[in-house]
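If you read the sequences in order, they're chains P and L.
In case it helps, our numbering puts the first sequence at residues 45 to 142.
In case it helps, our numbering puts the second sequence at residues 37 to 189.
Worth flagging that the hints you see were computed from the coordinates, not collected in a lab.
Please read these numbers as outputs of a predicted model, since none were measured by experiment.
The beta-carbon is built from N, C-alpha and C at its ideal position, and this holds for glycine as well.
Negatives, chain L to chain P, calculated, CB over 12 Å: (1) Arg42; (2) Val43; (3) Gln46; (4) Ala90; (5) Lys96; (6) Asp97; (7) Gln104; (8) Ile120; (9) Ser160; (10) Gly170; (11) Ala176; (12) Thr177; (13) Arg178.
Simulated restraints on C-beta separations: (14) P:Thr134 <-> L:Ala39: 42 to 48 Å; (15) P:Glu133 <-> L:Gln46: 35 to 41 Å; (16) L:Pro81 <-> P:Pro48: 38 to 44 Å.
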Amino acid sequence: MAGPMKMRATLFGGNTDVRVLMSHPMATEQQTKGKPHFIQNITVKVNGKTAIEGEISQAVSRNPVFSFRLKGGAKGDKIEVSWLDNKGETNKTEAAVT
Amino acid sequence: MNAVRRVLLQRAGALGAVLAAGLLHPLASLAAAWNKEAFGAKSAPDALKSLGAAGAAASKDIVIEAPQIAENGAVVPIEITSGIPGTTSIAVLVDKNPYPLVGKFDFMEDALPFVKVNAKMGESSDVRAVVTAGGKHYVATREIKVTIGGCGG
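In isolation and in its complexed conformation, chain P is listed as follows (with noise of 0.2 Å):
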């Protein structure tokens, strides 16, 4: 179940943009009969240490796309961003700042 994730890195005005794209059905308790299946925990980290922590719910729309800004940062700055959903389904993706 866990697809793809696509992530891009940008260096923007002296700060990091961040945009990261899952592959998930986000499935609410309306569309499953009361089985819903989405994302709960999301994890932001900076060359291996955590910049943001987020808790969403099945409200967020189906495919999740997030925008996140991180202070300063350089060009190959590692970032990582994972999710864990509440089947305990797991996917993380990596890319350098650009």
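Given chain P, work out where chain L should sit, using these hints.
Using the frame of chain P, we list chain L on its own:
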């Protein structure tokens, strides 16, 4: 029982313990926190209470960028920027959704207090952004009209 066998068994035991310790670690980090109470709340005030953010003060330093009219309730882009110094977290709530809390994002020192998320909206509703800064809570509200709901699927 010879001595060699005994040593081998002891080493195997030690190896097993090391492996178990190594395996336990990722399991522990998988069990990340998820505020069941706040996400299960069926009204925005209840969700705010569960987040410990009841009685948040209105603030003009929180900017919610979103369409006034969303044609498709299944994907409503909501962008929140906090101009409040020392912002540590931003929560997003859609008042009229079955479970209003959409998400909560905690920002460490390397992050800027900004998030853009696509949310589902069942119907036209107020959208709230709740910011925590220095242990205090602030809120901004904005109405988004939806022409086609996105929760029923």
